[in-house]
Every structure is written in structure tokens, then in C-alpha cells.
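Trainee: Sequence:
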Amino acid sequence: MGEPITSDRAPTCELNSSLDACFQQHLQYAEHHAHKNLNRCVSTLMLGAILLSGLLMFMTHSNLGFLRRNTWSFLSSMCSIFCSVLAYDVLCEAFNSLHWTLETPSVSFFLIIQVALYVYKDRPLKLKAWSTIGAHLVAWCCIKFWGRVQEEHFSSSPQSAFLAVMLFGLFSVMILLMASKFRQYVSTWGSGSEMELEFWLEHCREFENEAVSMCLGFLVVRVVDFKISGHFSLEAEAGPYQTLEHTTLLIVAAHIFGLAVVVATLFNSFVQKLPVRRRTVLLLRAADVLQSALGFAMAFCFLRGGQGLIRHAFEGISRLASLHRIITALVLSTCALSGVCLLEVFVFCGLHETATKALISILGFLAGLAWEGVFSFHLQLEKHPCIWSIVLLLVVLPNWRLHVLPKTSEHLFVAATEDYSSLAYVASWLRGDNCQAACLDEDSAEEAKCDD
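The numbering of the sequence shown is the numbering used here, which starts it at 7 and goes up by one.
These aren't lab readings, by the way, just hints derived from the structure by calculation. Be a bit skeptical, because a hint or two may be false.
[Claimed, not checked] Derived BS3-like pairs: lysine-lysine, alpha-carbon spacing no greater than 30 Å straight-line:
1) K150 - K233
2) K389 - K413
3) K150 - K132
[Said to hold, decoys possible] Label-pair ranges, simulated between beta-carbon atoms:
4) M172 - H384: 17 to 25 Å
5) E202 - R283: 22 to 30 Å
6) A327 - S103: 26 to 34 Å
7) K187 - T249: 44 to 52 Å
8) Q190 - V125: 12 to 20 Å
9) C98 - N69: 26 to 34 Å
10) L272 - C98: 35 to 43 Å
By construction, the Cβ of each residue, glycine as well, lies at the ideal position given by its N, Cα and C atoms.
Using the sequences and the hints given, assemble the complete structure.
Mentor: As C-alpha cells, this is what we get:
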């Protein structure tokens, strides 16, 4: 049977060798190649986990306040898209069991989030929570619906697929104009202070801009992917048809989108620094949507290209698709965190801080979508994936709301501290600890002490 093969070069069969011996040599080579790639895969997994953990520990405990807040904003966006996609899957299962389609009620999600934002306009933490996760949930519903429209009615050529992008853009402009006019009417009711109304309007615009930008970026990437491969994929992840050439072109497209994002970010920063009389709301929203749409297009390209690149880099172990996904998530998360560090340099160079908020959200979206793909892949292997999705939501969502979101800004942290001090007061009163309840001060919960 011969000696075990240890060379990376494929064996060559001699003319006088038997067919069985030649077959055994190639079988040994395939096993050796797969075993070597498996070792490389596990090594990459361990090194990536160590590097990502080290980066997170350094950035979340940094002495630089801007870097620390940006890191928590990155984690907040990552957890939000993770929970939004899981919630969408759970809703799909629920509606399918009732023989309904999710597209019809998904139109009402936009209105539900708008109502929730108005109800919590005087509660900064709840307002931010609803605007963040609401934007991702509405965007994911739009991605599924408009992606299906693009595939069923505009899939004859890349040019016709781009018409779907223009149609969605026109539809979004109409919806945003109607929502803006309605908010102007509601703001005349006189409910709430001027600062609360301005804060509410700002979060409504952020919610709408991010939802539109995410879906717009996805539809644009589908056009690019269709042009490169000739295939239409409804999913955001890489398809099984993806060749190495296709993957390389997607990575190149992601870098081109990245350069466009840099230009759009500089333009957004320039707009933010304009005088108030020249800085109209329409110009601000246009600059924000342009930057975010290009950023989400870059993120989708990196997600598809990264998954295909990892798959080709560790060929021979295609059965271990879960390892491919985990490595892709680790690599993309590490690259995204490195991008958050680079933003600190750009801010020091004069970039407006508001222009970096969209980039942080995009980087968190990239990492969160990659990790959601990992968990969804494993959940589908379970007997009851919907139940496990609900359990995962019950674990991640409260932690995001209570521990991650308040650390994204000082304003939210102060609001959270006031909420927690009120809860502590009520809990102390229910326990009958009158001394502690009397000593709790809502304005300085950390300094509250109970004297004997």
C-alpha cells in the first residue's frame, strides 16, 4: 500500500502502477490534505478567539472615553441586529403556523415603532432601545420582502434588478415624507418639552434612515452579485455556487464600496459642520442615508466574500460548515473592532463625531449578522429551532437592554442610573427596609448609603 503521504503535492501515478494503487495514493493524499486543513482551521479558530477577546477587553476598559463609548455602541449594534434577525425568524414561524405571510403585517411594524417612539419620547433609554432594534427589525422585513420582489419581477438582467433599487428608493422617499409631515402635525399638540420633542424627532430620523439604508445596501449588493456571478441569491450570506473568482471580485467590490464610504463620511462630516442656516434637515438626512447605504453595501459584500474566502481557504473539510461560519464571524468581528479603533484616529484628525455613528452601527451590523448566521445554522439542526431561538432571545435581549445599551452614551447612562435607583427604592420599600429606602437619592444612586 506504500508509505503514508506527508507532502502537500498531489501524487503522480507511474505508468506501470495498478489502478488500485493509484487510487489508494490519491485517497491518502485527500485524507492528509483534509487533516492538515482541519488543524489549520482549529488553530485559526483559537487564535481568532484570543485576539477578539483581548481587543474587547482593551477597548471596553480604555481610558479614552470616545473609544470606550464607540466600543459599547459597536456591541449594541451587534446585539441589536442579532436579536432582530432571531425575532424575525420566530415571527416567521408563528405566522406560518397561522398560514399567514409576514409581508402583510410587516408594513405595520413601521407604524408600531413610530407609535412606541412617541410614547417613550420622555424616556431616553427606552426611546433609544426602540429606535435601534426597531430599525433593524423593519429593515430585515424590508430586505426579505423587497428581495423577493426583486427576484420575482426584476431578475431578467442586472439592469432590471437595479430598477427594483430605484423603485424602493422612490417608495422610501414617499413614506419618509409622509412620516415627517405627520410628526410635524403631532409636534403641534404641545405634549412634552421642546427638548423632549427634539430628542424624539432625532431618534425617529435615525430609525428611518438606518432602516432605509440597510435595505438599500442589500438590494445594491444583489445587483452587484448578479452582475458578477449571474445568479440571484435571496439570502445575505454566500451561496454554494460561489467560486474563488466570484469571491475575489466580491472582496474587490467591498473595497470599492469602502472607498465610497470614506468619501461619503467626509461629505457627511462637512455637512455636519455647516452653519445652522445652511444645514437643512433634508441635506443632513441625504448625507446620512448615502453614507449608511454605501456602508451597508460594503458590509454585505464583506460578509459574502469573507464566507466564500474562508470556505476556499479551508477546502477539504466542507462537511464542517459550522467551523467555516465561526471562523468567518471571528475574522469579521476582529476586523470590525479594528475599524472602530481607526475611527479614533480620524476623529482626532478633525472628523465630526456624528459622522462616525453610522460607521460604528455598520461595523456592529457586520459582526452581528455574521454571528447570527453561526447560531441560526446550529439552531436549524435542533428538533425545535423556534423554541431555542426564543430562549436565545430571552438571554441576549435583556442583557443588551440593561447592560450594553446604557453604556453607549453618558446621557443614556445617567437615564439608566435614575431608572435603577427608582427600582432600588421600590424594592427596598417592598422589603420593608425603610432606612435604606429613605437614604436612596435618585440624583446620586452610587453615593447612597444607609447610616446605622
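Trainee: Go ahead and decide if the range 26 to 34 Å is satisfied by the Cβ distance of C98 to N69.
Mentor: violated (45 Å)
Trainee: So the hint says 22 to 30 Å: do the beta-carbon atoms of E202 and R283 match that?
Mentor: At 25 Å between Cβs, range holds.
Trainee: In this structure, is the beta-carbon distance linking K187 and T249 contained in 44 to 52 Å?
Mentor: holds (49 Å)
Trainee: Check whether the Cα positions of K150 and K233 lie no farther apart than 30 Å.
Mentor: holds (20 Å)
Trainee: Taking only the CA atoms, is the gap from K389 to K413 under or equal to 30 Å?
Mentor: violated (37 Å)
Trainee: Would you say the C-beta atoms of L272 and C98 sit inside 35 to 43 Å of each other?
Mentor: Given about 40 Å between the Cβ atoms, the range holds.
Trainee: Below or equal to 30 Å on CA atoms is what counts here, so check K150 against K132.
Mentor: holds (27 Å)
Trainee: In this structure, is the beta-carbon distance linking A327 and S103 contained in 26 to 34 Å?
Mentor: holds (28 Å)
Trainee: Evaluate the given range 17 to 25 Å for the C-beta pair formed by M172 and H384.
Mentor: violated (38 Å)
Trainee: Verify the CB-CB distance for Q190 and V125 against the hinted window 12 to 20 Å.
Mentor: holds (18 Å)
The earlier numbered hints that this structure contradicts are 2, 4, 9.
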